[in-house]
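Chains A and B, in that order, give the protein sequences. No gaps in the numbering here: position 199 of the first sequence is 199 in the working numbering, and each next residue is one more. No gaps in the numbering here: position 91 of the second sequence is 91 in the working numbering, and each next residue is one more.
Please keep in mind that the hints were generated in silico from the structure rather than gathered at the bench. Please note: incorrect hints may appear among the correct ones.
[Unchecked claim] Calculated lysine to any residue pairs in the SDA-like style (CA-CA distance at most 25 Å, straight line):
1) A:K57 to B:R197
2) B:K96 to A:K57
3) A:K81 to B:K96
4) A:K83 to A:R96
5) B:K232 to B:S350
[What the hints assert, rightly or not] A few chain A residues that don't get close to chain B, going by computed Cβ distances all over 12 Å:
6) H66
7) T201
8) A213
9) D244
Here the structure is a predicted model, which is why all the values come from computation and not from measurement. Ideal Cβ positions, reconstructed from N, Cα and C, are used throughout, including at glycine.
Residue strings, one per chain:
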Amino acid sequence: MTTTPLLSVQGLTMRFGGILALNNVNFEVQKGSITALIGPNGAGKTTVFNCVTGFYKATEGQIILHDKGHEVNLRKVLGEKFKWSDYVNPSAFAERLYYKAFGGSHRVNQAGVARTFQNIRLFREMTVVENLLVAQHRHLDRNLIRGTLNTKSYRASEKRALDNAYYWLEVVNLTEDANRLAGDLPYGNQRRLEIARAMCTEPKLVCLDEPAAGLNPRETVELSTLIRHLRDKHDVTVLLIEHDMGLVMGISEHIVVLDYGQVIASGTPKEIEVNPKVLAAYLGTEEGDA
Amino acid sequence: MFSNPNDPPVLAAFKDSLLVGVIALLIFGPISGIILDGYSFNTHFKTPLILATIVFAGRFAYQMAMLTPWGQKFLERLAFSKGKRSVYVGSPNDHKYLWIILLVLFAAGLILPFYLSKYALTVAILAIIYVLLGLGLNIVVGLAGLLDLGFVAFYAVGAYTFALGSQYIGLGFWTAIPVAAALAAIFGGILGFPVLRMHGDYLAIVTLGFGEIIRLVLNNWTSFTGGPNGAKAAEPTLFGLEFTRTAKTEGHIPFHEFFGTVYNPNTKFIFLYIVVFLMACLMIFFFSRLRSMPMGRAWEALREDEIACRSLGINHVIVKLSAFMMGAMTGGIGGVFFAAQQGGFVNPTSFTFFESALILAIVVLGGMGSTVGVVIAALVLTLLPEVLRDFSDYRVLVFGGLMIFMMLWKPRGFLPIRRPYFSKEGQA
Chain A
1 MTTTPLLSVQ
11 GLTMRFGGIL
21 ALNNVNFEVQ
31 KGSITALIGP
41 NGAGKTTVFN
51 CVTGFYKATE
61 GQIILHDKGH
71 EVNLRKVLGE
81 KFKWSDYVNP
91 SAFAERLYYK
101 AFGGSHRVNQ
111 AGVARTFQNI
121 RLFREMTVVE
131 NLLVAQHRHL
141 DRNLIRGTLN
151 TKSYRASEKR
161 ALDNAYYWLE
171 VVNLTEDANR
181 LAGDLPYGNQ
191 RRLEIARAMC
201 TEPKLVCLDE
211 PAAGLNPRET
221 VELSTLIRHL
231 RDKHDVTVLL
241 IEHDMGLVMG
251 ISEHIVVLDY
261 GQVIASGTPK
271 EIEVNPKVLA
281 AYLGTEEGDA
Chain B
1 MFSNPNDPPV
11 LAAFKDSLLV
21 GVIALLIFGP
31 ISGIILDGYS
41 FNTHFKTPLI
51 LATIVFAGRF
61 AYQMAMLTPW
71 GQKFLERLAF
81 SKGKRSVYVG
91 SPNDHKYLWI
101 ILLVLFAAGL
111 ILPFYLSKYA
121 LTVAILAIIY
131 VLLGLGLNIV
141 VGLAGLLDLG
151 FVAFYAVGAY
161 TFALGSQYIG
171 LGFWTAIPVA
181 AALAAIFGGI
191 LGFPVLRMHG
201 DYLAIVTLGF
211 GEIIRLVLNN
221 WTSFTGGPNG
231 AKAAEPTLFG
241 LEFTRTAKTE
251 GHIPFHEFFG
261 TVYNPNTKFI
271 FLYIVVFLMA
281 CLMIFFFSRL
291 RSMPMGRAWE
301 ALREDEIACR
311 SLGINHVIVK
321 LSAFMMGAMT
331 GGIGGVFFAA
341 QQGGFVNPTS
351 FTFFESALIL
361 AIVVLGGMGS
371 TVGVVIAALV
381 LTLLPEVLRD
391 FSDYRVLVFG
401 GLMIFMMLWK
411 PRGFLPIRRP
421 YFSKEGQA
């Protein structure tokens with residue numbers, strides 16, 4: 001493992017009105033690892049995800065993505081509120097104004113963080129291939145004139161995107177469904193398509209929000225093979241939320257456990273399995289349920 | 001209420017009809033049973049009773065009809081068409097001979113004006129203007145999924161750009177087209193920016209307000225726009241040739257004198273028809289290309305799921321703005337032709353909310369996002385009222401009925417949406 005992590009989250013705090021959803025969460029995701037975020041229901045896992053991927057604006061804390069020497073502050077690109085110090089520092093003011101005008105969660109993806117959703121969000125009335133082409137939007141030739149005249153360079157750009165789309169369809173084993181509407185696919189295939197779509201944006205870090213939810217045991221095994229394949233062959237780091245403990249213990253190298261908005265433990269699967277705090281958190285809720 | 005699930009179907013139908021009849025009696029009682037006479041009133045017990053009996057009989061007949069095998073089949077069909085998706089993926093050889101059909105239609109469209117009367121020509125020009133407007137709004141509503149109830153504002157901007165431009169700075173017909181397109185696009189951007197955070201109903205209300213603002217400004221800024229008296233645009237010309245009997249501008253030659261033919265008042269409209277027809281064809285080509293280009297795909301993706309779009313690094317602000325501006329641009333071009341078709345005279349009464357509603361109806365009837373559907377719907381909705389002049393009193397009634405039936409049976413429009421087929425080699 002390298003010394004600088006790919007993603008470091010420091011002091012992340014999130015308030016919804018009077019509710020403290022996350023309280024001083026710290027964790028790191030090492031480059032090239034598979035890191036899992038687990039915890040009982042309502043622990044704040046998805047909130048962490050939404051903060052990291054830019055769908056919530058964190059109340060406090062730092063989320064930094066380190067990538068090949070330069071680092072991106074994932075909170076800054078969302079557009080932050082002006083501070084008093086900005087009014088005496090024109091360059092800081094200009095930067096904040098720029099991100100306020102042009103920033104947003106799409107910037108987080110452009111920085112190299114892709115995600116999937118707990119409740120699948122595909123473009124349901126577009127075909128499977130089109131879903132993957134939309135994901136490559138930023139890498140395509142978007143010039144209107146070249147596109148209308150269908151010039152050579154435009155065609156080449158579209159062809160590259162199509163080849164890439166078919167490549168990913170092969171990886172997730174959906175080539176036969178290429179020209180079906182995404183909304184018509186079976187549930188498991190929709191999950192895999194969403195992962196392929198996230199990968200089409202060429203991310204450094206891919207965040208999977210409960211990828212195994214609703215899958216049968218065979219599909220879950222295929223999924224873990226796929227996740228490993230992504231990490232090993234496509235140079236991507238994986239951060240996932242999952243309730244399926246078999247999957248989590250099987251594939252992750254590092255586990256962060258959340259409970260009531262706080263990190264109660266982090267470490268390798270072996271360490272987590274025997275950690276008394278984790279056992280208390282999980283068994284406590286299970287007893288409560290029963 | 002008082003029906004029992006174990007009742008035989010005929011009895012259930014009777015009870016249901018009776019309930020409907022009683023409700024009708026309650027409604028019709030005060031409306032038609034009490035008629036004012038000076039300061040007192042007369043009671044007519046018979047009228048509401050007759051009306052309620054008609055409602056009861058109608059309902060009962062409907063219920064009985066639905067019990068017959070024919071009615072059952074009808075109900076089944078209805079349920080089936082509701083569940084069916086109105087989107088399908090094309091197959092590679094779908095449109096092999098499409099270009100022949102298009103070529104024939106194009107040629108027919110070009111020849112048509114020479115066989116039309118002046119009245120028919122103006123109607124045809126108006127119909128094609130509505131095709132343009134429908135195409136423009138189709139981008140905003142059909143592709144990008146942003147409900148815009150004030151589209152007529154851009155139409156007005158286009159028409160007034162031509163009229164006021166020629167009044168104040170001597171703008172000609174040909175220059176007015178790009179200028180109006182650009183100006184309408186700017187207005188689209190101005191409207192688009194504040195409403196970027198809005199969805200659905202809220203967006204619709206803001207755009208509705210925007211449309212009214214433009215109309216009210218045009219109506220009340222008398223010193224600049226001429227207010228309700230309207231404004232006058234220049235006559236359209238072709239390479240400096242005018243279509244009037246005698247040249248209106250110093251140094252211009254009328255068309256018929258240049259070619260040494262007899263003056264024909266239709267020439268101007270034939271000219272306008274051909275220009276607007278070519279413009280519409282160009283736009284149809286442009287928009288059908290656009291649909292398979294990254295920008296068009298991003299619009300549709302935005303309609304499907306905005307959050308997913310953002311998670312894929314697509315800047316939803318730019319995508320929305322581009323849709324607004326592209327749609328507004330088309331509306332502006334339509335406005336220039338409208339001003340020219342009106343003999344150069346425009347006034348604010350042409351740009352009421354009813355126009356916006358009509359354009360929206362074109363897009364909805366045509367099937368949100370389907371270019372062919374929009375073209376057909378625009379032609380039908382503008383030509384049909386002209387053909388049915390005798391029934392003009394019932395025009396809006398028929399219109400309302402048509403919309404209700406559409407929403408019930410074909411909520412996604414007459415034509416199903418076709419998605420492009422991509423083989424490994426490329427788009428088919």
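These are the hints, each one checked on the structure:
no. : hint             : result
1   : A:K57 to B:R197  : holds, 16 Å
2   : B:K96 to A:K57   : violated, 51 Å
3   : A:K81 to B:K96   : violated, 56 Å
4   : A:K83 to A:R96   : holds, 9 Å
5   : B:K232 to B:S350 : holds, 14 Å
6   : H66              : holds, 19 Å
7   : T201             : violated, 5 Å
8   : A213             : holds, 17 Å
9   : D244             : holds, 23 Å
Violated hints, listed in ascending order, are 2, 3 and 7; each of the other numbered hints is respected by the structure.
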